[in-house]
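*Asks:* So you can see what is in the structure, the chains are spelled out below.
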Amino acid sequence: MTEPVDVLIVGAGASGAAVAWSLAETRMRIVCLEQGDWMNPAEYPSSGRDWESRAFSDMSISPNRRKRETDYPVNDANSPISVANFNAVGGSTILYAGHFPRFHPSDFRVKSLDGVADDWPIDYDMLEPFYAENDRMMGVSGLGGDPAYPPKQAILPPLPLGKSGATIARGFNKMGWHWWPSDTAIATAEYDGRDRCINLGACSSGCAQGAKASTDITYWPHAVRAGVEVRTRCRVREITVNADGMASGVVYYDRDGVEQFQAAQVVIVACNGVGTPRLLLNSQSGAFPNGLANSSGLVGKNLMFHPYASIQGIFDEPLDGYRGPGVCIWSQEFYETDQDRGFVRGYTYEINRGRGPVATAATGMFSGRIPWGAGHHERYRELFNRIAGMVGICEDLPEEHNTVTLDPELTDGHGIPAPKIDYTLSENSRRMLDHAVARATEVLEAAGAVDVITEAPIGVGGWHLMGTARMGTDPERSVVNEWGRAHDVKNLFIVDGSIFVTSAGVNPTRTIQALALYVADSMKRRLANLFD
Amino acid sequence: MTTIASDNPFSAAEQHTLTAFAGAVIPASAEYGVPGADDAQIVADILATARPHYEAVRPGLGFQDTVAAAAYGVPFAELSEADRADFVERSNTEGGFDHIEWEFDPGAIAGQRTLISIILQCYYRDDRVMQSLEMEPRPPFPQGFEVEQGDWSLLEPVKQRGKIYRPA
Ligand SMILES: Cc1cc2nc3c(=O)[nH]c(=O)nc-3n(C[C@H](O)[C@H](O)[C@H](O)COP(=O)(O)OP(=O)(O)OC[C@H]3O[C@@H](n4cnc5c(N)ncnc54)[C@H](O)[C@@H]3O)c2cc1C
Ligand code: SF4
Chain W
1 MTEPVDVLIV GAGASGAAVA WSLAETRMRI VCLEQGDWMN PAEYPSSGRD WESRAFSDMS
61 ISPNRRKRET DYPVNDANSP ISVANFNAVG GSTILYAGHF PRFHPSDFRV KSLDGVADDW
121 PIDYDMLEPF YAENDRMMGV SGLGGDPAYP PKQAILPPLP LGKSGATIAR GFNKMGWHWW
181 PSDTAIATAE YDGRDRCINL GACSSGCAQG AKASTDITYW PHAVRAGVEV RTRCRVREIT
241 VNADGMASGV VYYDRDGVEQ FQAAQVVIVA CNGVGTPRLL LNSQSGAFPN GLANSSGLVG
301 KNLMFHPYAS IQGIFDEPLD GYRGPGVCIW SQEFYETDQD RGFVRGYTYE INRGRGPVAT
361 AATGMFSGRI PWGAGHHERY RELFNRIAGM VGICEDLPEE HNTVTLDPEL TDGHGIPAPK
421 IDYTLSENSR RMLDHAVARA TEVLEAAGAV DVITEAPIGV GGWHLMGTAR MGTDPERSVV
481 NEWGRAHDVK NLFIVDGSIF VTSAGVNPTR TIQALALYVA DSMKRRLANL FD
Chain Z
1001 MTTIASDNPF SAAEQHTLTA FAGAVIPASA EYGVPGADDA QIVADILATA RPHYEAVRPG
1061 LGFQDTVAAA AYGVPFAELS EADRADFVER SNTEGGFDHI EWEFDPGAIA GQRTLISIIL
1121 QCYYRDDRVM QSLEMEPRPP FPQGFEVEQG DWSLLEPVKQ RGKIYRPA
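Chain order of the listed sequences is W and Z.
Taking the numbering used here, the leading residue of the first sequence gets 1, the next gets one more, and so forth.
Taking the numbering used here, the leading residue of the second sequence gets 1001, the next gets one more, and so forth.
Everything labelled a hint here was simulated from the structure, so no lab data went into it.
Remember, it's a predicted structure, so these values are computed and weren't measured experimentally.
Glycine included, C-beta positions come from ideal geometry on N, C-alpha and C.
A hint or two may mislead.
[Stated by the list, open to error] Okay, derived cross-link-like pairs now, SDA-like style, lysine to any residue, Cα gap no bigger than 20 angstroms in a straight line:
id	chain 1	residue 1	chain 2	residue 2
1	W	67	Z	1053
2	W	524	W	109
3	Z	1159	W	143
[Unchecked claim] Partial chain Z-side listing against chain W, Cβ under 8 angstroms, derived:
id	residue
4	1048
5	1049
6	1125
7	1133
8	1145
9	1146
10	1154
11	1157
12	1161
13	1165
[Claimed, not checked] DEER-style ranges, computed between Cβ atoms:
id	chain 1	residue 1	chain 2	residue 2	range
14	Z	1011	W	69	29 to 39 angstroms
15	W	413	Z	1138	28 to 38 angstroms
16	W	374	Z	1008	27 to 37 angstroms
17	W	341	Z	1011	51 to 61 angstroms
18	W	316	Z	1069	40 to 50 angstroms
So here's chain W without its partners, still in its complex pose:
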């Protein structure tokens, strides 16, 4: 057994990093256990000629394809959307695109405004200072004045519009619809030891330049300097409880595969919307036979993904092609509810570019636009550097039948049950996807696209994992309280996307991290009576 610690964090991704850094100033003894490694940016795909290939192998977004020792398998056969993640210090931010929108104020009050799902127990104003703090730590680029948001400060200038952004912006202007430079977690100038973006276009397989704010290069260096210990290659099997029903520590496998026990005063779970319910459900005891903190029965329920629609235009003239970060501008024209559209809630368009030569060929051939044989080259050249488009990020509403459970057969390399996903696309999501495809097609045609390629939902697009240990004031309807503490276990906290009540129609990470900072702040304010 190792020395007891004050705070034990499980998971070193987006949220684990933020909570560790914030709590470090308390000078408590803090240890973070992470199943993955520290990454070496020099080994990221963009430094090799096979950079596009590696997105299909060791840097794939799918753990089932990647199959690194540090990964765990996910049984997502019963879901039209498969799970995407990364397991390392930095978590899924190693691969994320860095699109970095905030929630809207209305997103915290969906029941009151639209009569669906539930309101959050907190609101935008409460979270705003933590959004701002997180923006400083991550180094957010953008342009102030977006009419889709209350005022917020940009830390760094926006990414360039480029040819792709300008072309599609013209399409939005012709339609008279909103667009704005995206807020991104990508440094456009040197920031906090990070270099500026040099448009490698490979953000989703790791940023070799260090411009993209993955938390291994933002929060973690600061947290480690402040005394937090990160133990890598340590996979937690279960959280243990003592006779008083309090968390006593965790059982984990160290880098040699040896079972260890780490005692702790406080346990914080930050394993993401799939990893967290998996760990809680696997932490069964006499006091918690259905999994830890699960008296509500809601651990693993209400899984939300954000169904994505992809709408890509083919243009006559050359655009940015393989150059530039994928993210560029966004549109929130269809964000707030309008019942006339046939669905509730809404979606964000995120405009993309940065399609490499291989991805261009695959897009063209698998959509039947580039033929086999002699005609291949001419047609390829009509697509190369000429594809730009967008994805629609649709709000997914919480539904209890969308679940993460423990697979009865599949296990990871340590014999721990793998998560099993059961998910169906709701009628509301289906209609929203159809709307997103139709409206985006209009924008692309207005922008001059001669052909449009669509996919909805994106089958590999389960990159946002939310809702499986929801926050609320009612212990029968939620897993954690309004400041992230488990209703059932007074020294157990959850800080990742599991605690989302609803998903909003935006990428979640800026809100996940703001919430982690808010939970840490709530803990710091109550240190003297944290367990009352």
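Knowing the structure of chain W, use the given hints to seat chain Z with the ligands on it.
*Replies:* Just chain Z with the ligands, lined up with the frame of chain W:
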């Protein structure tokens, strides 16, 4: 990106089919000054890249032989030039092989897709091909690329329209 012959799981016959198939999907072009995907260097890269995916790719290769045998009476690699052109033409056409009996095998279809994906991965990183696309034959990092700022005045109409978020 090198192949070690001894640890290559592809049999000689499979390599033969793979080479012929790669060349049928992407033939050389004098007009664009590019090799075909059956170029020796590119095939070596394909074999090395496909190695860890051998089990997935093999049914895709077998599928070409099955279809070629049913339609033309010979394995894919032995098709005459005219039959190969016909095979390619039919592959590009929905229902192109409806005139023959063949069993739908999802493993074979998935294998063909994986195979094509690997052919594309290797073909479009070849120096000669990249140069013909006016790309420098180099990895993106460390030099990176230039992206122009673009015309920021395009934002004016959006600014003029004013606030669009809903108060909560
Ligand atoms: C390809 C891709 C693109 C994305 N693009 C965007 C984007 O543009 N914008 C955006 O906002 N979001 C994006 N995301 C999502 C974003 O990465 C996640 O929302 C965010 O990282 C979630 O943070 P987290 O802390 O909840 O979990 P993660 O960052 O996933 O971290 C969880 C960590 O916990 C560790 N862990 C899990 N279980 C255990 C265990 N039992 N023992 C020890 N360690 C464990 C994991 O190894 C992992 O490192 C993207 C994700 C992917 C995969
Ligand atoms: S485009 Fe920018 S952020 Fe993306 S990988 Fe390249 S340098 Fe990093």
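*Asks:* Each hint needs a verdict: does it hold in this structure or not?
*Replies:* Quick rundown of the hints versus the structure:
1. Pair hint residue 67 (chain W) plus residue 1053 (chain Z) holds up; C-alpha atoms about 13 angstroms apart against a cutoff of 20 angstroms.
2. As the CA atoms of residue 524 (chain W) and residue 109 (chain W) are separated by approximately 27 angstroms, the hinted pair breaks the 20 angstroms bound.
3. A distance of roughly 12 angstroms separates the Cα atoms of residue 1159 (chain Z) and residue 143 (chain W); the hinted pair therefore holds under the 20 angstroms criterion.
4. For residue 1048 (chain Z), the suggested interface contact is broken, since its CB lies about 10 angstroms from the closest CB of chain W, more than 8 angstroms.
5. Of the supplied interface hints, the one on residue 1049 (chain Z) holds, with its beta-carbon coming within about 6 angstroms of a beta-carbon of chain W, less than 8 angstroms.
6. For the restraint placing residue 1125 (chain Z) at the interface with chain W, the shortest Cβ-Cβ distance is roughly 5 angstroms, inside the 8 angstroms limit, so the hint holds.
7. Against a cut-off of 8 angstroms between C-beta atoms, the interface hint on residue 1133 (chain Z) holds, since the closest Cβ of chain W lies about 6 angstroms away.
8. For residue 1145 (chain Z), the shortest C-beta to C-beta distance to chain W is roughly 4 angstroms, which falls under 8 angstroms, so the interface hint holds.
9. About 7 angstroms separates the beta-carbon of residue 1146 (chain Z) from the nearest beta-carbon of chain W, less than 8 angstroms, and the hint is met.
10. The beta carbon of residue 1154 (chain Z) is positioned within 8 angstroms of a beta carbon in chain W (closest approach about 5 angstroms), and the interface hint is therefore held.
11. The criterion of a C-beta within 8 angstroms of any C-beta in chain W is met by residue 1157 (chain Z), whose closest approach is roughly 5 angstroms, and the hint holds.
12. For the restraint placing residue 1161 (chain Z) at the interface with chain W, the shortest Cβ-Cβ distance is roughly 7 angstroms, inside the 8 angstroms limit, so the hint holds.
13. Restraint check, residue 1165 (chain Z) versus chain W: the minimum CB separation of about 5 angstroms is within 8 angstroms; hint holds.
14. For the pair residue 1011 (chain Z) and residue 69 (chain W), the supplied restraint of 29 to 39 angstroms holds, since their beta-carbon distance comes to about 31 angstroms.
15. In this structure the supplied range 28 to 38 angstroms holds for residue 413 (chain W) paired with residue 1138 (chain Z), their Cβ-Cβ distance being about 37 angstroms.
16. Separation of residue 374 (chain W) from residue 1008 (chain Z) is about 30 angstroms and conforms to the stated range, judged on CB atoms against 27 to 37 angstroms.
17. The hint said 51 to 61 angstroms for the Cβ distance between residue 341 (chain W) and residue 1011 (chain Z), and at roughly 57 angstroms that hint holds.
18. Checking the proposed 40 to 50 angstroms range against residue 316 (chain W) and residue 1069 (chain Z) shows it holds: the Cβ atoms sit about 43 angstroms from each other.
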